[in-house]
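Heads up: the sequence lines are chains A, B, C and D, in that order.
When the letters of the first sequence are read in order and numbered with the working numbering, they come out as residues 43 to 268.
When the letters of the second sequence are read in order and numbered with the working numbering, they come out as residues 156 to 605.
When the letters of the third sequence are read in order and numbered with the working numbering, they come out as residues 12 to 116.
When the letters of the fourth sequence are read in order and numbered with the working numbering, they come out as residues 28 to 611.
Hints listed in this document are in silico derivations from the structure and should not be mistaken for laboratory results.
Incorrect hints may appear among the rest.
To be verified - Below 27 Å or equal to it, Euclidean Cα-Cα: the simulated DSS-like pairs (lysine-lysine) are:
hint: 1; chain 1: B; residue 1: K538; chain 2: D; residue 2: K261
hint: 2; chain 1: B; residue 1: K335; chain 2: B; residue 2: K373
hint: 3; chain 1: C; residue 1: K82; chain 2: C; residue 2: K27
hint: 4; chain 1: B; residue 1: K157; chain 2: D; residue 2: K572
hint: 5; chain 1: C; residue 1: K27; chain 2: A; residue 2: K159
hint: 6; chain 1: B; residue 1: K157; chain 2: D; residue 2: K49
hint: 7; chain 1: B; residue 1: K157; chain 2: D; residue 2: K589
hint: 8; chain 1: B; residue 1: K428; chain 2: B; residue 2: K512
hint: 9; chain 1: B; residue 1: K523; chain 2: B; residue 2: K559
hint: 10; chain 1: D; residue 1: K468; chain 2: A; residue 2: K238
hint: 11; chain 1: D; residue 1: K460; chain 2: D; residue 2: K49
hint: 12; chain 1: D; residue 1: K460; chain 2: B; residue 2: K235
hint: 13; chain 1: A; residue 1: K239; chain 2: D; residue 2: K468
hint: 14; chain 1: D; residue 1: K49; chain 2: D; residue 2: K468
hint: 15; chain 1: D; residue 1: K261; chain 2: A; residue 2: K184
hint: 16; chain 1: B; residue 1: K234; chain 2: D; residue 2: K460
hint: 17; chain 1: A; residue 1: K230; chain 2: A; residue 2: K159
Stated by the list, open to error - The following residues of chain B were derived to be distant from chain C, with all beta-carbon distances above 12 Å:
hint: 18; residue: D191
hint: 19; residue: K235
hint: 20; residue: P266
hint: 21; residue: F299
hint: 22; residue: G315
hint: 23; residue: S418
As the list claims (entries may be wrong) - Now the in silico label distances, taken between C-beta atoms and shown as ranges:
hint: 24; chain 1: C; residue 1: Y83; chain 2: B; residue 2: G290; range: 34 to 44 Å
hint: 25; chain 1: D; residue 1: W148; chain 2: B; residue 2: D520; range: 34 to 44 Å
hint: 26; chain 1: D; residue 1: A357; chain 2: B; residue 2: T241; range: 23 to 33 Å
hint: 27; chain 1: A; residue 1: Y223; chain 2: B; residue 2: Y543; range: 49 to 59 Å
hint: 28; chain 1: B; residue 1: L236; chain 2: C; residue 2: V24; range: 46 to 56 Å
From the three backbone atoms N, C-alpha and C, an ideal C-beta is built for every residue, glycine too.
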Amino acid sequence: MTIETDTSTTYTDPGVDGMVSDWSSDRQTFDLPWGKLMMWIFLLSDTFIFSVFLTGYMNVRLSQTATWPNTSEVFALEIAGTHLPLILIAIMTFVLITSSGTMAMAVNFAYNGDRRKTAILMGATALLGASFVGMQAFEWTKLIGEGVRPWGNPMGSPQFGAAFFMITGFHGLHVTAGVIYLSIVARKVARGDYEKKGYAIVEITGLYWHFVDLVWVFIFAFFYLW
Amino acid sequence: MKIVVALVLLVIGSLVFHWLSPWWMTPLASNWSAIDTTIDITLYITGVVFVAVNLFMAWAIFRYRYDPSRRSHYEPENKKLETWLTVITSVGVAAMLAPGLVVWADFVNVPEGADEMEVVGAQWAWSYRLPGDDGVLGEVDSTFVGPLNPFGMSPNDPAGNDDILISSNEVHLLIDRPVKFLLRSKDVLHNFAVPQFRVKMDLVPGMVTYAWATPTVKGKYDLLCMELCGIAHYTMRGYVVVDEQEDYDSWLAKQQTWSEIQSIPPGDAIAGKASYATCAACHGQQGEGLVAFNSPGLAILPAWYITRQIEHFKYGIRGANEGDTFGQQMVPMANMLADAAAIRNVTAYIETLVPEKPVDTIEGDPHKGAAYYNTCGACHGAKAQGNYALQAPPLAGQDDWYLKRQLENFRLGLRGAHKGDTYGHQMVLMARSLQNEQSINDLLAYLNTL
Amino acid sequence: MSETSGQQHPVGVYLKVWILLFVLSTFSYMVDFFHLEGYLRWTLILIFMFLKAGFIIAIFMHVAWERLALKYVLFVPLSAIAILILLMAIEGDYTFLTRETFFDQ
Amino acid sequence: MQNVAIADQIDELHDPQTFITKYIWSQDHKVIAIQYGLTAIFVGLIALALSGLMRLQLGFPDAFDFINPSDYLQFVTMHGMIMVIYLLTALLLGGFGNYLIPLMIGARDMVFPFLNMLSYWFYLVSVIVLLTSFFVPGGPTGAGWTLYPPQAILPGTPGYDWGIILMLVSLAIFIVAFTMGGLNYVTTVLQARTHGMTLMRMPLTIWGIFTATVLGLLAFPALLVSAIMMMLDKTLGTSFFMPALVSLGENLDYSGGSPILFQHLFWFFGHPEVYIVALPAFGMVSDVLATHARKSIFGYRMMVWAIVVIGGLSFFVWAHHMYVSGMDPAFGFFFATTTLIIAVPTAIKVYNWVLTLWKGNIQLTVPMLFAIGFIFTFTHGGLTGLFLGNVTIDLPLSDTYFVVAHFHMVMGVSPIMVLFAAIYHWYPLLTGKMFDERLGKIHFWFTFLGTYAIYLPMHYLGFLGVPRRYFAMGSMDFIPDSAQTLNQSITISALIVGFSQLIFLYNVFVSLRNGKPAGHNPWGATSLEWQTPDVPPRHGNWGPKLPQVYRWAYDYGVPGAKEDFIPQNHPVTDSERTAGEHDA
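Chain A with its partners taken away, still in its complex shape (with noise of 0.2 Å):
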C-alpha cells in the first residue's frame, strides 16, 4: 500500500481542505517555528493546569457549607476618602492589559526589523509585569494583616483563603517568570542576538506573556467577580 504525498502542499488552502492537506503534509505538519509550536504545546498543558486549579476552587467552593466572604469587600480599597470595591484588582487588571498591548506592539516592531523600538517595548513589558507583581504583593501583606490565612480567616470559609493564595500563587509566579523570560530576550534584543536567527522568538515571548494575561482574564472572573 503505497500512501501518496500531497508534495504540493502550500499552506495556502483555508478551511478544512487546508486542515487535511496539512495534516498529510511532508516532513511539518504546521508552517511554524520549533520553538513556536513548542510554546503553544506548553501553553496547552499549562491552560490545564490552570483549568484544574480553578475547577478545583470550583469544587470546594460548591462543596463548603461556610459563607463565602464578599470578595467585593475584601478587595476594596479607601482612595481620598472614597470607599471602591475591588479598585486594586481593577488597576491590577489593567495593569495587565496594558503590558499585554506593549507586547503585541513589541512584536509587530520586531517583525519588521525595529531592534531598539521591539526592546524598548519589551522592557516596557516587563516593568509593567513588575509592578503587577508589587500589587499582587501589596494584596497579599494587606489580607494577611486582616487575618486571611491558607487555613482560614475571620470572614467565613477557610477555602477562601486556600484558594485565593494558590491560586494567585501560581499566577504570581508566572508572571515573575515572565518578567524574567522578557527581560533576557529583550536584552538579547537590543544587542542583535537574533539577527540571523529572525525574530519569531520575540512572538514566542509574547506567546506566553499574553496567555499570562489570560488566565488574569479567568481568574478575574471566577475569583474576584464571582
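Place chains B, C and D on chain A using the hints.
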C-alpha cells in the same frame, strides 16, 4: 511450535480452571441476584471472545509458520472484514452494558419505605446508629465528637435523642426488609462491604454516602473495610447478623438510645473501694500488680478499658479458652461484680489509684523494638499512652511479663479469637506480625524505655 | 504567508483591540460596582470574560490568522476540561446536599 | 522552508568530544535514551524486589518477621508508584521514545537537545528524591499508590510525615522532567520528519509514543495540581481535600474540603496514564509483529485511528475507578457507557494484530514470542476490564484481588511483554550485537507461563471477595482455607518469575561482549531506524544526507518485489506498481 501448543493448553487450562476450581463467589444473601446475572452475561461473552481470539491466533501461527520459499499474503486492508468486526464488537459491548445500566438504576434508586440505618467508620472500627422511634436520624457533626460523644451527636437537634447508638462492631438486620445504609466516616476513607450482599460503598469523611440491600438469608456475615484506611486497615472487621423479627427485637431491646447513654450516672469511687478489696488480694492494694500471682498492674489502666475487660470475663469473651490459665482464674472474680453499676463503681475507684513504675524483667534490643513499635504506635500512641478513640489501652508502665503473655495469647488465639471481642480480634491479627519470642522481647524492651 | 516574516499585521488592529480590552474590563468592573446580582451578574461576567479572552487569543496571540489545524489542536483538547468542569460542578452540589441534609453546620 | 532547513544541516550539531559530553552531559537522544532506560530498569528492579516481599507475606503470612503491617503498606505504595511512573512511563517514553522517534522519522536528533538532556537530569533527581524517602524518619509513604487523602497525610498511615512530602515533591519534579521531554517528542514528530515522511507513513511505534506523550502533557497537570493542593493541606493546613475530621481521637483544624475531589483529579490523570503506558506498547508490538511475521500490519489506518480515539476517549472515562467511591451515583451511567465504548477500538487493535499473523510468514524469534505473549495476556486483561468498567459488576469486584489481577495483566504483564519484545528487537541496533537466542527463549517461557500462573488464579481470589491491600486475611467465613493454597502457589510463581529476570539481565550484559555482530538490519525490517549508515547509529544519525522516504513502514511480502521486504527509503519501482494493480 511450542508456542502453539502452549496457547491451546493455556486456553483449555483456563476453562478447566474456571469450571473445576472451588473458588467462586460466596453464596448470595441479598436481593442482588441481578448483579450475579450481569457477571454471568459478561463472563460468557468475554469467554467466547477469549477462546476465539486465542485459538485463532494459535491456528494462524501454526498454519503460517515460517517457510523461506513462501511470501506472506499482501493485504494491508480489508474494509469489509474490519467493518464487520467493529459491528459485532459493538453489539457485544452493548449486550454487556445494557443490563449493567439497568441494574445500576436499581442500585441508585432506593425503594420507598426502606429502613434507614447509619454505619459509622473510624480507624479501625465500626459502629452503627438506628433512627429510633421517630424514624429520623439526628444531625451530627464531627466537631462534637469526643470521649463522651463518639458519634458526634448534635445537641441542637432533638431528633437525635431517641437514636439508638451501637458502639459495637456487630449489628443486626431484619430479614426481607430493604435497608438503606447511610455511610459516614469520622476520619479517613473506609469501605462498607459485605461480600454476601454484593454491594459496597466508600465511607467518605465530610459527607454521607449510601448503599442499599434486602437481606434474604439468615446468618452472620463478615463486614470488611475494603478501602485502604491506614496501618490496621486489615483488622477493621465487623459483623452483620440477619435475624427474624423475634431475634431482632430481643437484640434491639438491649441497645441504648442517645438519651439513655447520656443519663448513665458516673461511677462511685467510695462504693467501689469496698468491692476492690477482693481484687486487692491479687492485684495489690495500690493496683500495682503482683508477679507472684500473675496479676497485672491495674492502676495505669483507664476505666473504659477495665470495664470492657471485666465484661469480657463476665460474659465468656475472655478467659473462656482453656489455654488461658490465668484468664480462667479471673472469670469467677469478674462474676462477683453483679451489674453495670458495680463495675462502674470499682473502675471509678481504680482510677483514683496512683500508678508506680514496675520492675523490668525482660531483656531485648530496644532499637529493634522501636521499629516494631511503629505499627503498634498507630493505636497505642507514640508514647504508648493509649488512645480512647481507638479503644487502645496504655502500654507504657505496664508489667512487661504481663504484656508478653498477652501478646503470646493473642498470637495463639487464646485471647481475642472470640467473635464478641472486637478489639481483641484486631490484636490477634496484629500480634501475628511479631513472628518469634525474640521480636516480642525487643518490643517490650523498647516499651520499658518509655 | 512567507515563513521568514512570521505574523505581521497592521498596528491599527492591535490598538483597537487594546482599547476594546480596556472597555470590556471596565464593564466587568462595573458589574461589581453596581452590585448586580443573580443570573444577570453571572451572565454578564461570563460574556465579558469570554469576549476579553477571545480578543486576546484571536488578535494578540494571532490565532485568528493561524491555520485551522492549529486551532483544532488548541481547542479540541479543552473538551476534556469542559467535561471535568461540568462534572465537578455537579459533584460539588451533590456533596453540599449531603452535608446540608445530615450535618449540623 | 527555513525551519526545516535546520534539520538538513549537519554542521549545526557539534560532535561531542570528551567522555563527559559524550556519555554524561550528553545531548544525543540515543545516549539520553539509554540513560533513561538504565535508570528506569534500576528502580524497576527495586520495585520488583518489593513485590517479592509482598508476595512472601501474602503466601506465608506468619513466617517473616521483617515484614510488619506498616512495611507492607509501604511496599505496596512504592511498588505501585515506581512501576507505573518511574519505570513504565519513563522507560517507554523517556527510553524508547527518545531512542526511536528521531531514528524512525528520519531526524538527526530531537528539536531541542539541551531541553532533552535537562529532562533526563530532572528525572534522575525525582528518582533520587523518591528513593530518599526510604531513609527518612517514618519511611516512605504507605498510602497506596493512589495517595488518597485524608489518610495519606494523617497519622495512622506509614510515612504520613516525611514520606508523603518526598513523594509529592518527587512527582512534581518528575512532571517537570516529563514536560521537557514530552514537548520535544511532540514537536519533533510534528515538525522534524524527513523528506517524504508523512504522518500516515510513520510506523505505529511513533504513533503510539506520540499519542501517549500528548496524553501525558495534558494529564500530568491534574496530578501536579492535586500534588500541590495536597502538599498545601499537609504543610500549611489548607483544607482542599480535608473536611472536618477526628483523627485518632483528635479533632483537627481542617474543615470543608472534599476528599472525593482529589480522587477525581487523580484519576483524571490516572486513567490517561494507563494509556500513556499502553499506547507505546500497542505501537511497538505492531512493529515487532509485522517485522517478524514478514507481513504488512493489518488495517494500518484503523490502527492509527484506534490509537488516537483511545487516547482521546481516555479523558472521558476516569471515574470508572470511582464507582464505589461515594461520588454522585448518577455518574455511574455516564462513565460505564464511555468506558465500554473504549473497548471497541481496543478490540479492533487486538483483531488487527491477530489478522497480521494470519496469512503471514511467521518467524518465531524471541521478540515474536514476546509479542504473541502480549496478545494473549492483553486479550485476557482487556476482557476482564469489561467486568470492572461495567458499573454494576464493579460493586462486588472493586477493591478485591480481581482488580489487582486485572490491572497487573493489562498494565503490568502485557506492557512488560512488549518491553521485552522491544528490547530484544532493537538490541542489535542499540549495541550492534545479537543476543543469545536460547537464553532469550528460556526467559520468555519463564516469564510468559509464570505470569499467567500468577494472575489467572488471582482473579478467582477476587471472585471470592478477598480484599486487596490486606496485610493478612485472618479468618473470614466467606474465604475458604483453600484460598491460602492459591496464595502460596501465586507466591511461588511470582518468585520464579522474579528470579528468571536474572536470565534476561545476564543475557543483555554478556551479549554486549560475546554476542555475534548483528550487521545492518538483521531482521529485514523496513522502518528507517534500520537503514542508518552506521550500526549502532552515530551522533547525527544519518551521515551527510537525510534519508528520503517513499513508502509506508510495512512493505513486507510485496508481490513482485525482489525480497520479502522493501525499506521505506527505497523508491517505488515500476514492477511493483504493476503487481499492485494486478493485486487490486
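### Task
Take the C-alpha atoms of K49 of chain D and K468 of chain D, compute the straight-line distance between them, and say whether it is at most 27 Å.
Between K49 of chain D and K468 of chain D the Cα gap is close to 34 Å, so the pair fails against 27 Å, i.e. violated.
Verify the proposed pairing of K82 of chain C with K27 of chain C, using a straight-line Cα cut of 27 Å.
holds (23 Å)
Between K230 of chain A and K159 of chain A, does the CA-CA distance stay at or below 27 Å? holds (13 Å)
| C-beta pair L236 of chain B, V24 of chain C: status relative to the range 46 to 56 Å that was hinted | The hinted range 46 to 56 Å holds for L236 of chain B and V24 of chain C, with Cβ atoms some 54 Å apart.
Note to self: Need the status of pair K460 of chain D, K49 of chain D: alpha-carbon distance at most 27 Å?
What the structure shows: Distance of about 21 Å is within 27 Å: holds.
Starting from K428 of chain B, check that the Cα of K512 of chain B is at most 27 Å away, please. holds (22 Å)
> Taken at face value, is the distance from the CA of K238 of chain A to the CA of K468 of chain D at most 27 Å?
Replying inline: violated (56 Å)
Next on the checklist: K239 of chain A and K468 of chain D were given as a pair; does the straight-line alpha-carbon distance stay at or below 27 Å?
Outcome noted: Roughly 53 Å separates the two Cα atoms, so the pair is violated.
- Given the hint of 34 to 44 Å, check if W148 of chain D and D520 of chain B actually sit that far apart at their C-beta atoms. holds (42 Å)
Task: Pair hint outcome, K538 of chain B versus K261 of chain D [Cα-Cα no greater than 27 Å] - done: This hinted pair holds, its Cα atoms lying about 23 Å apart.
Query raised in the report: Do the alpha carbons of K460 of chain D and K235 of chain B lie within 27 Å of each other, as the hint requires?
Result: violated (43 Å)
Pair hint outcome, K157 of chain B versus K572 of chain D [Cα-Cα no greater than 27 Å]: Status violated; Cα separation ~45 Å.
Against the hints set out earlier in the document, violations occur for numbers 4, 6, 7, 10, 12, 13, 14, 16, 21, 22 and 24.
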